[in-house]
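**Student:** Here is how the chains run, residue by residue.
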Amino acid sequence: MTKDEHKAGIGGMANPTRYGIERVAYWLMRLTGLGLLAYFVAHIYETSNILRGQVGWDEFLALTQTTEGHIFLALVIAMCVFHTVNGVRVMLGHGGIGVGTPARPDYPYDPASQNYRHKIGIYSAILLAAIATMYGLAVMFGE
Amino acid sequence: MRESTIMKIHYGTALAAVALVAVHILMRLTQGFADSLEYESVIANYKFVPYAIMLELILILLSVHGFNGLRVILLELKQGQIYEKAVSYGCLAAMIGLIAYGSRTIIMTNMGMV
Numbered sequence: 001m002t003k004d005e006h007k008a009g010i011g012g013m014a015n016p017t018r019y020g021i022e023r024v025a026y027w028l029m030r031l032t033g034l035g036l037l038a039y040f041v042a043h044i045y046e047t048s049n050i051l052r053g054q055v056g057w058d059e060f061l062a063l064t065q066t067t068e069g070h071i072f073l074a075l076v077i078a079m080c081v082f083h084t085v086n087g088v089r090v091m092l093g094h095g096g097i098g099v100g101t102p103a104r105p106d107y108p109y110d111p112a113s114q115n116y117r118h119k120i121g122i123y124s125a126i127l128l129a130a131i132a133t134m135y136g137l138a139v140m141f142g143e
Numbered sequence: 001m002r003e004s005t006i007m008k009i010h011y012g013t014a015l016a017a018v019a020l021v022a023v024h025i026l027m028r029l030t031q032g033f034a035d036s037l038e039y040e041s042v043i044a045n046y047k048f049v050p051y052a053i054m055l056e057l058i059l060i061l062l063s064v065h066g067f068n069g070l071r072v073i074l075l076e077l078k079q080g081q082i083y084e085k086a087v088s089y090g091c092l093a094a095m096i097g098l099i100a101y102g103s104r105t106i107i108m109t110n111m112g113m114v
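Protein chains in written order, with the working numbering: chain A, 1 to 143; chain B, 1 to 114.
FYI, nobody ran anything at the bench for these hints, they're computed from the structure. Owing to the predicted nature of the structure, the values given are computational and were not obtained by experimental measurement. Any given hint might turn out to be false.
Claimed, not checked - Rough simulated footprint, nothing fancy, chain A against chain B, three-plus residues with beta-carbon under 8 Å:
#: 1; segment: 31-37
#: 2; segment: 40-54
#: 3; segment: 63-76
#: 4; segment: 100-114
From the three backbone atoms N, C-alpha and C, an ideal C-beta is built for every residue, glycine too.
Next up, chain A with everything else stripped away, as it sits in the complex (with noise of 0.2 Å):
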């Protein structure tokens, strides 16, 4: 394998568009599972304000009951969505449900795996997240 064909580095291996929407499910599962793990951080120290007593209680609320911490809140819903389904999805592939069976391997060599079983379950990830997020935020705006 010559140098050129590495030319690409760590950009090509981020470039989601050349890879179909099994790139763009490995990125979208890492970026929300990063940005859920930072969620779960923030949110363990705000319920921690619980022990300030009720006007520290009152006030950190108050900093997260805006129209900008409903809409943090609705991005959390539609990462934790897409993770949750997405996540199901790669469970089953890992136990070799759903990736097809061997067979002799032909040119355009297509890997089995991906396969619109799998195709199907990434755009419900994302129709999921998407539905999820909008009930949210009725419910975060509709009160």
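Given chain A, work out where chain B should sit, using these hints.
**Tutor:** Chain B in isolation, oriented as in the chain A frame:
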């Protein structure tokens, strides 16, 4: 620990967390989102022992899953004996720290030390 065992733990914590977080979110919706966040309501939640146990379980499950996920992402980016050990032990320390901090809130509120 073998990576295959760690991945089984990763998937197990994910599935368990999905079920418990669903209950946690539904509790917010039973009495209206804003009302459920009122001080008295939150204190009542923490003082209800089964709910406090569920919060503790969610804390442990999500900490294990989240920090192992971070470890996996960091190990994908770079490899090396020292780097891998630093990432693994760093994530383990962060996980223990977060569980300890969250448990402190749950235990102190449940015992009325507010």
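**Student:** Hint by hint, say whether it matches the structure.
**Tutor:** We went through each hint and held it up to the structure:
Using a Cβ-Cβ cut-off of 8 Å, 4 residues of the segment 31-37 of chain B lie near chain A, which meets the minimum of three, so the contact claim holds. With a threshold of 8 Å between beta carbons, the proposed coverage of the segment 40-54 of chain B by chain A holds, since 3 of its residues qualify and at least three are required. Counting residues of the segment 63-76 of chain B whose beta carbon lies closer than 8 Å to any beta carbon of chain A gives 6, which reaches the threshold of three, so the coverage claim holds. Remark: the segment 100-114 of chain B is confirmed as covered by chain A, as 8 of its residues place a Cβ nearer than 8 Å to a Cβ of that chain, reaching the required three.
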